[in-house]
Structure formats: C-alpha cells, structure tokens
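Make a model of the complete structure from these sequences and hints.
Residue numbers (the working numbering), protein chains in the order written: chain A, 178 to 295; chain B, 6 to 112.
Rather than coming from a laboratory, the hints here were simulated on the basis of the structure. Keep in mind that a hint or two might mislead.
As the list claims (entries may be wrong) - Listed next, the in silico DSS-like pairs over lysine-lysine satisfying Cα-Cα at most 27 Å (straight line):
id, chain 1, residue 1, chain 2, residue 2
1, B, LYS112, B, LYS47
2, A, LYS240, A, LYS200
3, A, LYS189, B, LYS47
4, B, LYS108, B, LYS50
5, B, LYS50, A, LYS240
6, A, LYS196, A, LYS240
7, A, LYS200, B, LYS50
8, A, LYS200, B, LYS47
9, A, LYS240, A, LYS190
10, A, LYS196, B, LYS47
11, A, LYS251, A, LYS196
12, A, LYS196, B, LYS50
What the hints assert, rightly or not - Calculated Cβ distances over 12 Å to all of chain B for the following chain A residues:
id, residue
13, GLY185
14, PRO191
15, SER202
16, GLY203
17, SER208
18, ASP233
19, THR248
20, SER261
21, GLU266
22, THR268
Here a beta-carbon is modelled for each residue, glycine too, at the ideal position from N, C-alpha and C.
Now for the letters of each chain:
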Amino acid sequence: QVQLVQSGAEVKKPGSSVKVSCKASGGAFSSYTFSWVRQAPGQGLEWMGRVIPLADIPNYAQKFQGRLTFTADKSTNTAHMELSSLRSEDTAVYYCAREVRGAVLDVWGQGTTVSVSS
Amino acid sequence: DIQMTQSPSSLSTSVGDRVTITCRASQGISDSLAWYQQQPGKAPKLLLSAASTLESGVPSRFSGSGSGTDYTLTISSLQPEDFAIYYCQQYYSIPFTFGGGTKVEIK
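So this is what it looks like as structure tokens:
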C-alpha cells in the first residue's frame, strides 16, 4: 500500500522560494509518476505538472514554466517540488499524488500549506 | 488547454436523494476522465476513472457515464458522508485540467 507523506507547512516572503517534499513508502518509487496539484484557499484544484523518477523527466504546466522545478531522489524515495519567485497568489495547499493508468491520481499526500506574505 | 466545465457549482439536497453532476470538456477526451471527492481539510479521493470505472472500495451508489465531451457523475442515494466537493479531471492531454468543482450541501 503506497503512502505519500509530505513535508510541513511553510511561511515565505514574496520573491523567495519554497521546496516541498513528498516521501513515498510501500511501493516501487522509481516506477511511478508523480503529479503536483495545488489548491488556493476556497478554490478548486490546479494541476501543476508531473515527474517520472525513473527517467527524471518533468512536465510543467505552461503557467509555471520558469518558476517550477520537480526533482526525484531515488535513494530516499522522495519527490520534491520547488517554486521560486513566490507571490501572494501562490498561497495554497500543495499536494503530491501518484499517477496510475494514464494520469489518474489514486494516492495523494496529506498536503502542505504554503503561505506567502510580507 | 482543455477546459473542463462542471455544473452545477453547488447544490442543496437531502439524504436519500439522487444527485447528478455534469462535466463538459472543451474538446473530446476519449473517456479519459476521473472523478474525485474532497472532504473539508482533506486531500481529494479518487472515485472513478475512465469515465465509469469504480475504484476499489468506493460504494456502488457512485456511478459515471458519458462519452466524447460530456460526462456525468451520479450518486444514486445520497448518504451523510457524501456531502463534499466533487471534481472531474481530464487526463487526455497535458495539462491535466480539473473542473471547477461541485459542492454538495445538506438542504
């Protein structure tokens, strides 16, 4: 049974960067693809992109191009999401999720709250 | 990008009622559609994939249908634990976009 455990809440200043981790247990990390999804307060879900640890190949949603970096550390079974040049609109809960059968998100992390405020 | 439009955005209903939520894609998505349920303060939970395939452990009162651009999630007899927000998601092409959500509230 795969479980995804994310790092704790972050408070950041505008213009800074944040790195969120997502540690997988109970499965074959390198064989998975991980998506990152965020949810601003009171808003819907927004897909940010995905990473394939085996090939270290990321796909980023156009909206985040240039600010977003996904990495995967196969030695620790951990996926990372780093978002730079933070602004107040980036305040959200950030989720990692495992993809199966195309890009169905069947297992989710608990979410990491990132607050951006001066 | 494929736009996903859900309707209604919210609905008030009662335990035992039948509920139908619609999701329309801006172009055909060949049944590459998933439905998720999100309870307050929790991560989304996968209910159905491939438009109509129920995930293991999901009650049979949930069902999905549709084709092409128009898809439906139906809850045959609403239970107290079903009051939540429901999202559709297309995974036909990147970026994998979500619908705006449908909040199912107690009348």
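Here is what the structure says about each hint:
1. A threshold of 27 Å between alpha carbons decides the hint, and for LYS112 (chain B) with LYS47 (chain B) the separation of about 23 Å falls inside it, so the pair holds.
2. A hinted pair counts as satisfied when its Cα atoms are at most 27 Å apart, and LYS240 (chain A) with LYS200 (chain A) qualifies at roughly 25 Å.
3. For a cut-off of 27 Å, the pair hint linking LYS189 (chain A) to LYS47 (chain B) stands: about 23 Å separates their Cα positions.
4. Restraint check for LYS108 (chain B) and LYS50 (chain B): satisfied, since their Cα atoms lie roughly 15 Å apart, inside the 27 Å limit.
5. The suggested pairing of LYS50 (chain B) with LYS240 (chain A) holds, with an alpha-carbon distance near 25 Å, which does not exceed 27 Å.
6. About 18 Å separates the Cα atoms of LYS196 (chain A) and LYS240 (chain A), which keeps this hinted pair within 27 Å; it holds.
7. The straight-line distance between the Cα atoms of LYS200 (chain A) and LYS50 (chain B) is roughly 19 Å, inside the 27 Å bound, and the hint therefore holds.
8. Between LYS200 (chain A) and LYS47 (chain B) the CA atoms are separated by roughly 18 Å; this keeps the pair inside 27 Å, and the hint holds.
9. Taking the CA atoms of LYS240 (chain A) and LYS190 (chain A), the gap is about 21 Å. The hint holds against a cut of 27 Å.
10. Annotation: proposed proximity of LYS196 (chain A) to LYS47 (chain B) holds, straight-line Cα distance about 21 Å (limit 27 Å).
11. For the suggested pair LYS251 (chain A) and LYS196 (chain A), the alpha carbons sit about 17 Å apart, so the restraint of at most 27 Å is met.
12. The hinted pair formed by LYS196 (chain A) and LYS50 (chain B) meets the criterion: a straight-line CA distance of about 24 Å does not exceed 27 Å.
13. With a least beta-carbon separation of about 15 Å from chain B, GLY185 (chain A) lies farther than 12 Å from that chain, consistent with its non-interface assignment.
14. Here PRO191 (chain A) stays apart from chain B, with its beta-carbon at least about 25 Å from theirs, past the 12 Å limit.
15. Every CB of chain B is more than 12 Å from the CB of SER202 (chain A) (nearest about 16 Å), matching its label as outside the interface.
16. Annotated as non-interface, GLY203 (chain A) keeps its C-beta farther than 12 Å from every C-beta of chain B; the closest such distance is 16 Å.
17. For SER208 (chain A), the shortest C-beta to C-beta distance to chain B comes to about 18 Å, beyond the 12 Å cut-off, and the non-interface label holds.
18. Against chain B, the non-interface label of ASP233 (chain A) holds: every CB pair exceeds 12 Å, the least being about 17 Å.
19. Interface exclusion of THR248 (chain A) from chain B stands, the closest Cβ pair being 19 Å apart, more than 12 Å.
20. Against the 12 Å criterion, SER261 (chain A) stays outside the reach of chain B, whose nearest CB is about 19 Å from its own CB.
21. Once the 12 Å rule is applied to beta carbons, GLU266 (chain A) is consistent with being away from chain B; the minimum gap is 17 Å.
22. Under the 12 Å C-beta cut-off, the non-interface status given to THR268 (chain A) relative to chain B holds; the minimum distance is some 16 Å.
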